[in-house]
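*Asks:* Spelled out from the first residue to the last, the chains are:
Protein chains: 2
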Amino acid sequence: MSESKESIQRTEIGSLGEFGLIQRLTNNFPLQQSTTIKAVGDDAAVLRGSDQAMVVSTDLLVEGVHFDLAYFPLQHLGYKAIACNVSDICAMNAYAEQVTVSIAVSNRFSVEALELLYDGMRHACKVYNVDLVGGDTTSSLRGLVISITAIGRQMEHKISYRASARPGDYLFVTGELGGAYLGLQLLEREKQLFLENPSIQPDLENQRYAVGKFLKPEARKDVVLWLEKAGVVPHAMIDLSDGLSSDLMHICQQSQIGAEITESLIPMSEEAKLLALKFQLDPFVCALNGGEDYELLMAVDPEEARKIQFLPGFHYIGECKPQQSGIQLKTDQGKLHPMKAQGWAHF
Amino acid sequence: MSESKESIQRTEIGSLGEFGLIQRLTNNFPLQQSTTIKAVGDDAAVLRGSDQAMVVSTDLLVEGVHFDLAYFPLQHLGYKAIACNVSDICAMNAYAEQVTVSIAVSNRFSVEALELLYDGMRHACKVYNVDLVGGDTTSSLRGLVISITAIGRQMEHKISYRASARPGDYLFVTGELGGAYLGLQLLEREKQLFLENPSIQPDLENQRYAVGKFLKPEARKDVVLWLEKAGVVPHAMIDLSDGLSSDLMHICQQSQIGAEITESLIPMSEEAKLLALKFQLDPFVCALNGGEDYELLMAVDPEEARKIQFLPGFHYIGECKPQQSGIQLKTDQGKLHPMKAQGWAHF
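Respectively, the protein sequence lines represent chains A and B. The first sequence: position 287 = 287 (the numbering used here), numbered continuously. Each position in the second sequence, counted from 1, maps to that position plus 1000 in the numbering used here.
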């Protein structure tokens, strides 16, 4: 996908210079938010003040650590980079409105390759209704580094923190889990096969689901809208970037509570289950410990739970407990097992 | 400076894990701003809303491109990284209130080395009264990458853009120019000498001025306060990161004007002049094209100029002209030369 456009033309980054490059990459990002007063092109972006609180999140993505360009098309990478940051804003029950994007690139990359990256970002900005308002473009000695800061807004009393879940709260998770992890496994295995025998062409057509979940995850802005329509503010919320077990632990630790979730209630697609079995993995271990699904995990007042339990994609998976109960997983056999966080670690 | 503390103890980053590392590095940043509702520790930081506009700036610093740890002590690097971003906020005539800091580091760095980096950042946060409210900590395959986003506030009508200077405006620059560039030259030369003969110890004691200008520049928050006291909002303002000629060109291009500045009015310290002559460089070329001074260049309504012309550190250097006049430098002999931007380019 990225190769076809690149093969047509190769413009060296050095031929444009830093300011020319910024202009070329950012010139076609139409502004959509009324709060954006000044976007790219000054010492700083300027955003309109309002009585809503501002929510600010930032991520650093490093080639070889967070992504492998051997199987990650640049357009998808651009899309995912924006989506992941918007997801952090959603996890606060807020609406993303602006992003800044900084990149450091080696001269291995052509201007056309970077345009593909920004094509993906542009698409994500359109889908999530966010404005690109600033950034920095510089060279690196090796590889690609992407730094994104997302800015969102919400009334102060509607913001959901990690630290305010209470014993008795119902735990809901959105969407389906484990797909992104299995997509990554699939791509890693195909890459190994290809490196061993380059004449073998990967057949990913039947695995669109998992590959798509990994390469093009979506931020659950729709969930934030559903919550608003339902008039529910979760006591606590987090997005599943590290994995359900690890992210549930963040909520429990910060809220000083325990939790009990039921294995059979964890939502998983049939495609993901079949793929896990094909790889001889326990599907529920993939759903519990696989990261990067970017679904939302929330703790909701039991009185309010009925307002959201039948909404599309909302799944009840368990309850918050007092801290001394610990964090436990109830298996199909009705047994309780203490849970451990085994999320992704980059170090 | 950085070596002494590091030699005492070396804790591997991997022994703390990502969350342990973030906690250790960010746990001693006392909050100072009433607008900071929630700092490090959730999916995003939360800042209080207000009728003031928000000003957002971001920078990406890459080892080997923007800094050389052979002569850049980590504490100074941390201080400078914050100061440069605060400087961007000052250049909008706004007040920085929060920063987010993300780092990518290879395991070449110990936890103690990163603590030195954050010591410098903590000191800068205290000096500039900004809160560290978020960030990301990850590994890199090689070297250190620092990404900083600074957030400031100002009433919308008091923000100074690059694009609104007018012909006839007086141009002022703060402080003294060229020092940082000469400091860098000095450190680069000492490094070369050291590489050629490691037994030679550098003697930088007599060069504290230039070395200090390069290693520990200050953001001119005091200038923003002076402007407020004087009741002056510059028509346009920019901070001198690329160099006077290059940054003046940014203002002229964006404001669609020309300019004429007088060589002999460009402020330069005696130390910097002597150092330039020692290196057989033209002092004014250093002042015009050397970057990283982080002084402020502003275009002020001539009616208002009298309110600031005698303020400490404010230097009148010329005037804005109509666009067709171009951008010109008047030499000591009274001759006019067209100016070219020859600022620092990282590509």
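A hint or two may mislead.
[Claimed, not checked] Which chain B residues face chain A? A few, computed with CB under 7 Å, are given here:
1) Met-1092
2) Val-1145
3) Gly-1212
[As the list claims (entries may be wrong)] Derived SDA-like pairs: lysine to any residue, alpha-carbon spacing no greater than 20 Å straight-line:
4) Lys-126/A <-> Glu-270/A
5) Lys-1191/B <-> Gln-1201/B
6) Lys-1340/B <-> Phe-19/A
7) Lys-221/A <-> Thr-35/A
8) Lys-216/A <-> Phe-72/A
9) Lys-158/A <-> Ile-1037/B
10) Lys-321/A <-> Ile-266/A
11) Lys-1158/B <-> Glu-12/A
12) Lys-158/A <-> Gly-1020/B
13) Lys-278/A <-> Glu-188/A
14) Lys-340/A <-> Gly-1020/B
15) Lys-1340/B <-> Lys-216/A
16) Lys-340/A <-> Ile-1266/B
17) Lys-1340/B <-> Lys-1278/B
18) Lys-340/A <-> Thr-1036/B
19) Lys-1158/B <-> Gly-231/A
20) Lys-1340/B <-> Glu-18/A
21) Lys-1330/B <-> Gly-1212/B
22) Lys-1340/B <-> Gly-14/A
23) Lys-229/A <-> Arg-166/A
24) Lys-1340/B <-> Gly-17/A
25) Lys-158/A <-> Gly-1014/B
26) Lys-158/A <-> Lys-307/A
27) Lys-1191/B <-> Ile-1266/B
28) Lys-307/A <-> Lys-216/A
29) Lys-1158/B <-> Lys-340/A
30) Lys-158/A <-> Ile-1266/B
31) Lys-1340/B <-> Lys-340/A
32) Lys-158/A <-> Lys-1330/B
33) Lys-340/A <-> Ile-1037/B
[As the list claims (entries may be wrong)] Restraint ranges, calculated between C-beta atoms of paired labels, are given here:
34) Leu-1336/B <-> Gly-14/A: 30 to 38 Å
35) Ser-1106/B <-> Gly-334/A: 42 to 50 Å
36) Lys-126/A <-> Glu-1156/B: 20 to 28 Å
Just so you know, the hints here were simulated from the structure itself, not pulled from any lab data. Please read these numbers as outputs of a predicted model, since none were measured by experiment. The C-beta atom is built at its ideal place from N, Cα and C for all residues, glycine as well.
*Asks:* Hint by hint, note whether the structure agrees.
*Replies:* Status of the hints after comparison with the structure:
At its closest, the beta carbon of Met-1092/B sits 5 Å from a beta carbon of chain A; the interface hint therefore holds under the 7 Å criterion. For Val-1145/B, the interface hint holds, the least distance from its beta-carbon to any beta-carbon of chain A being 5 Å, beneath 7 Å. Annotation: Gly-1212/B was flagged as interfacial toward chain A, and the flag is violated, the nearest CB pair being 24 Å apart, outside 7 Å. The straight-line distance between the Cα atoms of Lys-126/A and Glu-270/A is roughly 31 Å, outside the 20 Å bound, and the hint therefore fails.
For the proposed pair Lys-1191/B and Gln-1201/B, the alpha carbon gap of about 10 Å is at most 20 Å, so the pair holds. A distance of roughly 15 Å separates the Cα atoms of Lys-1340/B and Phe-19/A; the hinted pair therefore holds under the 20 Å criterion. For the hint pairing Lys-221/A with Thr-35/A, the CA-to-CA distance comes to about 18 Å; that is within 20 Å, so the pair holds. A C-alpha spacing of about 10 Å is found between Lys-216/A and Phe-72/A, which places the hinted pair at or below 20 Å, so the restraint holds.
Distance restraint check for Lys-158/A and Ile-1037/B: the Cα-Cα separation of roughly 13 Å lies within the 20 Å cut-off, and the hinted pair is therefore satisfied. Between Lys-321/A and Ile-266/A the CA atoms are separated by roughly 18 Å; this keeps the pair inside 20 Å, and the hint holds. A threshold of 20 Å between alpha carbons decides the hint, and for Lys-1158/B with Glu-12/A the separation of about 40 Å lies outside it, so the pair is violated. Using a Cα cut-off of 20 Å, the hinted pair Lys-158/A and Gly-1020/B is violated, with the two alpha carbons roughly 29 Å apart.
Annotation: proposed proximity of Lys-278/A to Glu-188/A holds, straight-line Cα distance about 15 Å (limit 20 Å). Annotation: proposed proximity of Lys-340/A to Gly-1020/B holds, straight-line Cα distance about 16 Å (limit 20 Å). Distance hint between Lys-1340/B and Lys-216/A is unfulfilled; the C-alpha atoms sit about 45 Å from each other, more than 20 Å. A hinted pair counts as satisfied when its Cα atoms are at most 20 Å apart, and Lys-340/A with Ile-1266/B does not qualify at roughly 64 Å.
Note on Lys-1340/B and Lys-1278/B: the hinted pairing is violated, with a Cα-Cα distance of about 25 Å set against a maximum of 20 Å. Only pairs whose Cα atoms come within 20 Å are accepted, and Lys-340/A paired with Thr-1036/B is rejected, the gap being roughly 33 Å. Only pairs whose Cα atoms come within 20 Å are accepted, and Lys-1158/B paired with Gly-231/A is rejected, the gap being roughly 38 Å. A distance of roughly 16 Å separates the Cα atoms of Lys-1340/B and Glu-18/A; the hinted pair therefore holds under the 20 Å criterion.
For the proposed pair Lys-1330/B and Gly-1212/B, the alpha carbon gap of about 30 Å is over 20 Å, so the pair is violated. Our distance criterion of 20 Å between C-alpha atoms is met by Lys-1340/B and Gly-14/A, whose separation comes to about 19 Å. Of the pairs offered as hints, the one joining Lys-229/A and Arg-166/A is violated, with about 23 Å between alpha carbons and a cut-off of 20 Å exceeded. Of the supplied pair hints, the one linking Lys-1340/B and Gly-17/A holds, its CA atoms being roughly 15 Å apart against a limit of 20 Å.
About 37 Å separates the Cα atoms of Lys-158/A and Gly-1014/B, which puts this hinted pair outside 20 Å; it is violated. Between Lys-158/A and Lys-307/A the CA atoms are separated by roughly 16 Å; this keeps the pair inside 20 Å, and the hint holds. The straight-line distance between the Cα atoms of Lys-1191/B and Ile-1266/B is roughly 30 Å, outside the 20 Å bound, and the hint therefore fails. Between Lys-307/A and Lys-216/A, the direct Cα distance comes to roughly 30 Å. Violation of the 20 Å bound is thereby established for this hinted pair.
Proximity of Lys-1158/B to Lys-340/A is assessed by CA-CA distance (about 53 Å); at most 20 Å being required, the pair is judged violated. The hinted pair formed by Lys-158/A and Ile-1266/B fails the criterion: a straight-line CA distance of about 53 Å is larger than 20 Å. For the hint pairing Lys-1340/B with Lys-340/A, the CA-to-CA distance comes to about 62 Å; that exceeds 20 Å, so the pair is violated. Simply put, Lys-158/A and Lys-1330/B have alpha-carbon atoms about 59 Å apart, too far for the 20 Å limit, and the pair is violated.
The straight-line distance between the Cα atoms of Lys-340/A and Ile-1037/B is roughly 31 Å, outside the 20 Å bound, and the hint therefore fails. Between Leu-1336/B and Gly-14/A the C-beta distance comes to about 32 Å, which sits within the given range of 30 to 38 Å. Our hint of 42 to 50 Å for Ser-1106/B and Gly-334/A holds, since their Cβ atoms are close to 47 Å apart. In this structure the supplied range 20 to 28 Å holds for Lys-126/A paired with Glu-1156/B, their Cβ-Cβ distance being about 27 Å.
Of the numbered hints listed earlier, those contradicted by the structure are 3, 4, 11, 12, 15, 16, 17, 18, 19, 21, 23, 25, 27, 28, 29, 30, 31, 32 and 33.
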